[in-house]
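Engineer: So the chains spell out like this:
Protein chains: 2
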Amino acid sequence: MGRWEPDAAGRFRSAAMELFVEHGYEQTTVADIAERAGLTRRTFFRYFADKREVLFSGSERLQQTMVEALTGAPAQATAIEAVAAALGASAVFFGDNRKFARQRLKVITANADLRERELIKFATLSAALAEALRGRGITEPDASLAGEAGIAVFRVAFVLWVGKSEQRSFGEIVSESLTRLRVLAAIK
Amino acid sequence: MGRWEPDAAGRFRSAAMELFVEHGYEQTTVADIAERAGLTRRTFFRYFADKREVLFSGSERLQQTMVEALTGAPAQATAIEAVAAALGASAVFFGDNRKFARQRLKVITANADLRERELIKFATLSAALAEALRGRGITEPDASLAGEAGIAVFRVAFVLWVGKSEQRSFGEIVSESLTRLRVLAAIK
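Protein sequences, first through last, are from chains A and B. For the first sequence, position 40 matches number 40 in the numbering used here, and the numbering has no gaps at all. For the second sequence, position 157 matches number 157 in the numbering used here, and the numbering has no gaps at all.
Read the hints as simulated data drawn from the structure, not as lab findings. All of these numbers come straight from a predicted model, not from anything done at the bench. Accuracy of the hints is not assured; some may be wrong.
Any copy will do: because identical chains look the same in the list, a pair fits if it lies in one copy or spans two.
To be verified - Calculated cross-link-like contacts (lysine-lysine; reagent style DSS-like; alpha-carbon spacing at most 30 Å):
(1) K164 with K51
(2) K106 with K164
(3) K164 with K121
(4) K164 with K99
Kindly produce the complete structure, drawing on both the sequences and the hints.
Structural biologist: Right under this line is the structure:
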């Protein structure tokens, strides 16, 4: 107890994901996760409130990362360019953690509660982007529309990225997806 | 029992919404709804599986309406034009039921389970639009992007429509919102 463990959060995360994939989310207990990680339950609860948080603790940091990038975009950036900056920051956030993302999506897809939680996370993220756009002087409904469009691109790109045999990075895919949306929406 | 009641579903819906607004969703029972509607519990269950379905039974019909309109759009319509046709059909679907929509949103917003259900409904609707777009020969990721964009516009327009002192019809707002998104997304 109290002992510092190098990258304990990361070890819990890897152990939990292995067990969720092997035995299913419902069947995995915090005790199982701690044992697999070679750490104690007590240490687990210093990092996560419960096993569900192992899957969602990244969401808050992701949101913060995207909001900061949007807020920090050049003053002359349009709403959609600021959203593009947020999407670019999400790509840096994910890096090359495609395997973790793929497993996480599989676990979430298999459980109704987790799917709901994931949808709530996206709705919260969309609202946060819209708020940050309003902070840049973008009025409504433009701020909400651009925020929702950003999430639309994010979601579609994410599914592509974790797809079997996909080789492109999340950054490439999300950038191409935004461009596709802009081409689709173009007024002829 | 078995007796035909003119517009029983509509009477249950109005009675339920009154009670949800007056006493809260959780506190309202099917017996309360039946009593307020002047009908029996037994009749209620011929129309709805439970009280939650009073709030969501329209969602399936809405989805069907939008998918049909998308599928029936002229062959030369682009993906976004086909989505515009679906949004136009949703406006016909809602008609001037703004008061019901406003109350419904209030009830849903106040309850976490209902909010989750509403988010799931939107995700299902987005997937259905994407599938209908693929049926028109639109490939991925364009079909998913256009479907998600349509839902983004729908959600933003809906919140505007039910806003206090809003006078424009849903049809006007949804059409303007789509145009706003297209202007925002325009590649300069």
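Engineer: Could you run down the list of hints and mark each one as holding or not?
Structural biologist: Structure-based check of each hint:
1. K164 with K51: within (27 Å within a copy, 42 Å between copies)
2. K106 with K164: within (12 Å within a copy, 42 Å between copies)
3. K164 with K121: This pair counts as both: shortest intra-copy Cα distance 24 Å, inter-copy 27 Å.
4. K164 with K99: within (11 Å within a copy, 47 Å between copies)
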